[in-house]
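Chains as they are written, first to last, in the numbering used here: chain A, 4 to 413; chain B, 418 to 720; chain C, 5 to 278.
No lab work stands behind these hints: they were computed from the structure.
Among the hints, erroneous ones may be present.
Distance condition first, Cα-Cα at most 30 Å in a straight line; then the derived DSS-like pairs of lysine-lysine [claimed, not checked]:
no., chain 1, residue 1, chain 2, residue 2
1, B, Lys484, A, Lys161
2, A, Lys55, B, Lys493
3, B, Lys654, B, Lys675
4, B, Lys522, A, Lys55
5, A, Lys182, A, Lys55
6, B, Lys606, C, Lys103
7, A, Lys161, B, Lys654
8, A, Lys184, A, Lys267
9, A, Lys212, B, Lys720
10, A, Lys369, A, Lys184
11, A, Lys369, A, Lys384
12, B, Lys675, C, Lys271
13, B, Lys522, B, Lys720
14, C, Lys229, A, Lys384
15, B, Lys493, C, Lys117
16, C, Lys226, A, Lys182
17, B, Lys719, A, Lys212
18, A, Lys212, B, Lys522
19, A, Lys212, C, Lys67
20, B, Lys582, C, Lys73
21, B, Lys716, B, Lys522
22, B, Lys554, A, Lys161
23, B, Lys522, B, Lys484
24, B, Lys606, B, Lys654
25, B, Lys493, B, Lys545
26, B, Lys473, C, Lys271
27, C, Lys226, B, Lys548
28, B, Lys716, B, Lys493
29, B, Lys719, A, Lys55
30, B, Lys674, C, Lys271
31, A, Lys384, C, Lys271
32, A, Lys188, A, Lys384
33, B, Lys720, B, Lys548
34, B, Lys582, B, Lys554
35, B, Lys522, B, Lys473
36, B, Lys548, B, Lys522
37, A, Lys161, A, Lys55
Bear in mind that the values here come from a model prediction, so they are computed numbers and not experimental data.
The residues making up each chain are set out below.
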Amino acid sequence: MRLKLLFLSCLLLIFICTSAFTQDEAVVADSLETTAETISPAPATSLTAIDKPDDHGHGIDLSWELSADDGGGLMSVMGYMIYRATSPDGSYEARSGLLLNVTAYSDVGAMNEGENDYMPDYTDYYYKVRALTTDSAVFADSEILGPVQSFGQWFNWKRLSVLLLVAGFLFLTVYFIQKAKGGAKLFVRRLAGIEAVDEAIGRATEMGKPILYVLGLGTAADIATIASYTILSRVAKKVAEYQTGLIVPCYDPIVMAIAQETVKTSYMNAGRADAYNEDMVYFVTNQQFAYVAGVNGVMLRDRPATNIYMGKFYAESLILAETGVAAGSIQIAGTDEISQIPFFVVACDYTLIGEELYAASAYLGKEPLLLGSLKAQDYAKACLIFLAIIGFITLMFGYHGIVDFFHVAG
Amino acid sequence: MSDIGLILSIGVIVVGLLWLTIRSLTGREVERRIIFLFIGISVAIPLLFNITVSEKATPIVKGIYDKVENLPSGSKILISFDYGPSMAPEVEPMSDAFLRHALAKGHKVFIMGLWATGQSLGAAAVDKIVKPEFPDKVDGVDYINIGYKAGNQGVLNVIITDFRKMYATDVNGVDLDSVEIFENIRSLKDMDLILCVGGGFPGIKEWVLFAADPGNIPLAGGSAAVATPLLYPYYPKQLIGLLGGIKGAAEYESEMKKNYPRFADMPTPGLNMMGPQTLAHMVVMAFIVIGNLSFFFAKRRKK
Amino acid sequence: MDRSRRISLIIFAGIIILFILSWIIKSTTLLNVGTESLLSIRDAFFITFAAFLTLAIFSFLYKDNPYYKFAEHLFVGVSAAYWMCVGFWSTFVGNFIPKVSTTLSNFFEVPPKEFDIFYFIPLILGLMLLMRLSPKGGWLSRWSLAFIVGTTAGLNLIRYLRTDFITQVSNTFIPLLVDWNGIGPFFSDFSLSASGQFVMTLGNWVIFIGVFSGLIYFFFSKEHKGFFGHASRVGIWVLMITFGASFGYTVMGRVSLLVGRLTFLFKDWLGLIS
């Protein structure tokens, strides 16, 4: 009897246990189902796709509205994945994964056939945006959008301001060069640096010492060197008139040949062709520091009353100018090499800063190319000042048009 | 030890400057070699006795630090080594700091150079920093050195549309199409941040002109002091930040040390240089004062 | 043998002896640290030689001398050769070979790419540039040069105009009064970190005045008299302050380089600092 009872109770126990366990499993499965249902997020909506504007093609801009569960609702969306296919029910290829709270993507592919990720133009593309959750099996696709095609544009409207300004500046330059060539008188103000050159030549004459003229390390084609020739021609003419000495050590053989010609012409113009001596202009070497050593030697031996440095200068600027100070010469410098100007400013009596070198040359030589481009730059600067003032004023009144014109986005 | 150094250096310099002052005020010439000697001593003593000064990051430096810090981990950062050994003492601390910071934040680092010398300096940085300090980082996965290509700004003009037109392999000859880090990279526009370290041509200016502006890519840089003043106009809109000379490097290092316990003991060449810099600058300032004083005295004597 | 020659010979011998001594001492120190014997002898030689070159360059501060000249020429030569080698391996072997020949790619051990006939254009231009070396065919190089100058000028014009002109102008449009919230907050933060409204406003005014007066200084079509004269005087002040800053930065840069070299001498060569 007792055995029967034990058996029965055991049976009951087993039944209870198994029923409890099966119930447990059912509950687990049940809860899983409900969570799966609740986690499946709302899809992204209002998907739009257009050809990427102002590009060379091979790109499509997508935008959409966030899933209701991104940053709100169930907060379950962790990001988006962009899919693309060439037919609505074809195989969709993942293009890019994006973080949450993103509503736009530019799908850009390679432009040449054979390249990785080649994306041909004028092909129908279909897109869908998948809202992702932490569980890779739980997601929501947006409606399929398509067909969309990509194609290139001939003109990038975002760069309109660049085109207009380039065209405007080129027009001004050509216009003023033509005008200068035609013999029109273009006004350039007198520069203090030129006066300093005249004074320095006078002083050298009084002292009976020569003038040292250094054309720098530039080649014959550098604008700074071209500007320097004009100033050299002026200096040489004055020197010929006053019968002072002139020393022109050169770094570049071609620059030397042109400098010789320049000085010779100036002597002839001054009516003193007989006083011209070929050895005034000579070649030293085209090794930077060896050249410096050579010029420094001249400064210390001949003790010129005035040193004039005009043209392109690099690391040697300070070494030259310092030696000149030690030799007690008056020094006038001019260069467009911005990093060297501070050294000339501290060590020379007068420095033509950057564009002033061109201006000085244009003022003296009236060379159409220099004069015309200088004038064009002046007008560009005037326009700039004018536009900027208007920009500031309109900005104060809340109008952003001019500021936006100068903002190049693409 | 550093106290003795400090006292010694100040002593030497004060006595020397007094001697100089007296000499120049009495109108006697001072040989330029003596000036060189002074600068040499004022640089050597702080170095030998390890005198350092503390630095605090200015907004222009903090801008870069915050950008690297705030990019999500795994962002793509390109570091361009545009310098040679002659500029290295000044700018190498910057590239080192950038590299350490980017890797510590878990970013992907792309190393390249517009200078031929940049290629080997980049490789040296990998050997010196990445391999010993970040042994878990894998070449081709977490970082890559694609090296140098000739063409200056022309290179940038090409890689802003396509890297592979210029770079077929990395420095070790590995095909770029086969490395994981380059999987989704087509052009410079895929970079989240470009850090250029340089100071000559081509350098930061070329990166602004040919990459950052046309591609709207965030750019920051570290520049040799000589070139720095010409780069300031680009800050803050065209350059996120700028490390100007060794002071900028020191500020960046101090910011890293402050915020990362793992960098508390890292080598800080930038900060170490600030001691000699400070003393040398003080001496130069004293020279300027002495020079001006003697100039005015000489003028008065003439009168 | 005259005196000066004897002195230079003595100096030369002295330097050689010092060099060898340094080499031996450095080798033993490296050996003690535990480097392999051959490696330590090699490394010691390089460190000593680098130290010798550094000191040779420094000797120019005393006066020009043959040791300085030797170091300078070595540097110029080595760096030119280095650029050439890297250029060859990275551009010619790295870019050109894979696109034109599979055999050559395999020879140079670079992964071959699809054949591209356009790559022969730069090759031809490059060869024409090399014709500079020939006295007769020198004129051919001008074609390549014209190509380089033309493309660079075209490329630069647009980029410079955009970045250095248009964008810079756009950056000059800055508010001359930053976030006005009344006098209290305006004057609240005087730190130099330029975070306070007052400091930022002041900074923007400096930029505004600096840009305009600088532009006026470089305006050559009008005499600098009256308002123009005053504005251009402000302009030249702004320029001089800029040059001063530039000069200061240069001093910092040069001192950094000196520190770099002295660190090498003290740390790697003499082992005085760790």
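Cross-check of the supplied hints:
Pair hint lysine 484 of chain B plus lysine 161 of chain A holds up; C-alpha atoms about 27 Å apart against a cutoff of 30 Å. At most 30 Å may separate the alpha-carbon atoms for a hinted pair to count; lysine 55 of chain A and lysine 493 of chain B meet this at roughly 24 Å. Annotation: proposed proximity of lysine 654 of chain B to lysine 675 of chain B holds, straight-line Cα distance about 27 Å (limit 30 Å). Distance check on the hinted pair: lysine 522 of chain B and lysine 55 of chain A sit about 34 Å apart at the alpha-carbon level, beyond 30 Å; violated.
Annotation: proposed proximity of lysine 182 of chain A to lysine 55 of chain A is violated, straight-line Cα distance about 45 Å (limit 30 Å). Distance check on the hinted pair: lysine 606 of chain B and lysine 103 of chain C sit about 25 Å apart at the alpha-carbon level, within 30 Å; holds. Straight-line distance between C-alpha atoms of lysine 161 of chain A and lysine 654 of chain B comes to about 18 Å, which keeps the hinted pair within the 30 Å bound. For the suggested pair lysine 184 of chain A and lysine 267 of chain A, the alpha carbons sit about 25 Å apart, so the restraint of at most 30 Å is met.
Straight-line distance between C-alpha atoms of lysine 212 of chain A and lysine 720 of chain B comes to about 27 Å, which keeps the hinted pair within the 30 Å bound. For the hint pairing lysine 369 of chain A with lysine 184 of chain A, the CA-to-CA distance comes to about 10 Å; that is within 30 Å, so the pair holds. Of the supplied pair hints, the one linking lysine 369 of chain A and lysine 384 of chain A holds, its CA atoms being roughly 21 Å apart against a limit of 30 Å. For the hint linking lysine 675 of chain B to lysine 271 of chain C, the alpha-carbon distance of about 27 Å falls within 30 Å, and the restraint holds.
Between lysine 522 of chain B and lysine 720 of chain B, the direct Cα distance comes to roughly 67 Å. Violation of the 30 Å bound is thereby established for this hinted pair. For the proposed pair lysine 229 of chain C and lysine 384 of chain A, the alpha carbon gap of about 18 Å is at most 30 Å, so the pair holds. For the hint linking lysine 493 of chain B to lysine 117 of chain C, the alpha-carbon distance of about 26 Å falls within 30 Å, and the restraint holds. Taking the CA atoms of lysine 226 of chain C and lysine 182 of chain A, the gap is near 18 Å; set against the 30 Å cutoff, the hint holds.
The straight-line distance between the Cα atoms of lysine 719 of chain B and lysine 212 of chain A is roughly 24 Å, inside the 30 Å bound, and the hint therefore holds. Our distance criterion of 30 Å between C-alpha atoms is broken by lysine 212 of chain A and lysine 522 of chain B, whose separation comes to about 68 Å. With a C-alpha separation of about 28 Å, the suggested pairing of lysine 212 of chain A with lysine 67 of chain C holds against the 30 Å cut-off. Between lysine 582 of chain B and lysine 73 of chain C the alpha-carbon distance is near 42 Å, which puts this suggested pair outside the 30 Å criterion.
Note on lysine 716 of chain B and lysine 522 of chain B: the hinted pairing is violated, with a Cα-Cα distance of about 61 Å set against a maximum of 30 Å. Under the criterion of a C-alpha separation no larger than 30 Å, the hint pairing lysine 554 of chain B with lysine 161 of chain A is inconsistent with the structure, at around 41 Å. The straight-line distance between the Cα atoms of lysine 522 of chain B and lysine 484 of chain B is roughly 11 Å, inside the 30 Å bound, and the hint therefore holds. A C-alpha spacing of about 18 Å is found between lysine 606 of chain B and lysine 654 of chain B, which places the hinted pair at or below 30 Å, so the restraint holds.
Taking the CA atoms of lysine 493 of chain B and lysine 545 of chain B, the gap is near 21 Å; set against the 30 Å cutoff, the hint holds. Only pairs whose Cα atoms come within 30 Å are accepted, and lysine 473 of chain B paired with lysine 271 of chain C is accepted, the gap being roughly 27 Å. Restraint check for lysine 226 of chain C and lysine 548 of chain B: not satisfied, since their Cα atoms lie roughly 63 Å apart, outside the 30 Å limit. As the CA atoms of lysine 716 of chain B and lysine 493 of chain B are separated by approximately 62 Å, the hinted pair breaks the 30 Å bound.
Our distance criterion of 30 Å between C-alpha atoms is broken by lysine 719 of chain B and lysine 55 of chain A, whose separation comes to about 77 Å. Between lysine 674 of chain B and lysine 271 of chain C, the direct Cα distance comes to roughly 23 Å. Compliance with the 30 Å bound is thereby established for this hinted pair. Restraint check for lysine 384 of chain A and lysine 271 of chain C: the C-alpha separation of about 54 Å exceeds 30 Å, so the hint is violated. For the hint linking lysine 188 of chain A to lysine 384 of chain A, the alpha-carbon distance of about 20 Å falls within 30 Å, and the restraint holds.
A threshold of 30 Å between alpha carbons decides the hint, and for lysine 720 of chain B with lysine 548 of chain B the separation of about 69 Å lies outside it, so the pair is violated. Our distance criterion of 30 Å between C-alpha atoms is met by lysine 582 of chain B and lysine 554 of chain B, whose separation comes to about 27 Å. For the given pair, lysine 522 of chain B sits about 21 Å from lysine 473 of chain B by alpha-carbon distance, which is consistent with the 30 Å threshold. Distance check on the hinted pair: lysine 548 of chain B and lysine 522 of chain B sit about 16 Å apart at the alpha-carbon level, within 30 Å; holds.
A C-alpha spacing of about 13 Å is found between lysine 161 of chain A and lysine 55 of chain A, which places the hinted pair at or below 30 Å, so the restraint holds.
Going through the hint list in order, the structure does not satisfy hints 4, 5, 13, 18, 20, 21, 22, 27, 28, 29, 31 and 33.
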